[in-house]
Amino acid sequence: MHKQLSSLRKSLSSKLFLGSTYHILANKTICWFHRSEEITMAKSSELAIVELNNLLREKDGLNEIEAAKIEELIAELRPHPYQPAVQRIIDGFTHFKIHNFDKNPELYCKLANGQSPQYLVFACSDSRVSPSIILNFQPGEAFMVRNIANLVPPFNQIRYSEVGAIIEYAITALKVSNILVIGHSRCGGIKRLMSHPEDGSVPFDFIDDWMKIALPAKLKVLKEYEDYDFEEQCKFCEMESVNNSLANLRTYPYIESGINNKSIGLLMGGYYDFVSGEFKLWKYETHITKPVTIPSNH
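Quick note on the working numbering: the sequence shown kicks off at 59 and runs consecutively.
The set of hints was computed from the structure by calculation and includes no laboratory data.
Some hints could be false.
[As the list claims (entries may be wrong)] Here are the computed lysine to aspartate or glutamate pairs in the EDC-like style, where the Cα-Cα straight-line distance is at most 20 angstroms: (1) Lys249 <-> Asp184; (2) Lys278 <-> Glu290; (3) Lys293 <-> Glu282; (4) Lys249 <-> Asp285; (5) Lys155 <-> Glu199.
Throw the hints in and build the complete structure from the sequences for me.
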């Protein structure tokens, strides 16, 4: 009986993946293994489970240890459902592969050889604000930066090196010609900035220090809109913070040089209101131009 179990296990191990490593494959499908192999594996599993169950029914020839090993092997062979979080990723890639990648071979072949995006886009990390969704950017169109409250710090080679590296690469290597900073409604970062206690307490390890980048926007709003309620002040600050980031962009030598030699065409501010479904867009020059509102029924 022991030899029979060992032989069966060895035979199965050559045909089945019994581990729990996830594999995302770029060709044909996304699953634990190739689709053609999956069918073979599934059939092998079913046959093996039937044979093992037959062995269990013949308990006269089994001791407790052997029976336990058979039950353990059956458990290994039974298909296990993916965890919901894993299944969501699998379904998402499958949808992308079928409806995007496979239908646009020329685009993805071109992108495989390099990128030349027209836009450098700063947006918030907020899960409700995806530039690729709200502005319908396609792969290769926009070089994206996402952080808390869509902030651009002023040029500083010691602090904020990640943002500096992104800007430098986008302008000097990718030759991006248009820059857009997008703010949005009900921003948690701006709300934190506007409600930050004046006693100097810092309950967060990183957030409060990061939000100090937008402090000039807060001070301006408190001065110019002091009679407005807190929610309205936050909305004004969400937009004014965009202007503050646009001004900070001009402290980067690559951007200032690009503006002067006209390799950079536009510095733009945007504001996405996901409550009303509207998007405001304005230019930053030596002054802020009047926003153009793109309504929800446009």
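Structure-based check of all given hints:
With a CA separation close to 13 angstroms, the supplied pair Lys249 and Asp184 stays within the 20 angstroms bound. Between Lys278 and Glu290 the alpha-carbon distance is near 14 angstroms, which keeps this suggested pair within the 20 angstroms criterion. Between Lys293 and Glu282 the CA atoms are separated by roughly 13 angstroms; this keeps the pair inside 20 angstroms, and the hint holds. Using a Cα cut-off of 20 angstroms, the hinted pair Lys249 and Asp285 holds, with the two alpha carbons roughly 17 angstroms apart.
Taken as a hint, the Lys155 and Glu199 pair is honoured in the structure, with Cα atoms around 19 angstroms apart against an allowance of 20 angstroms.
Hint compliance for this structure: no hint is broken.
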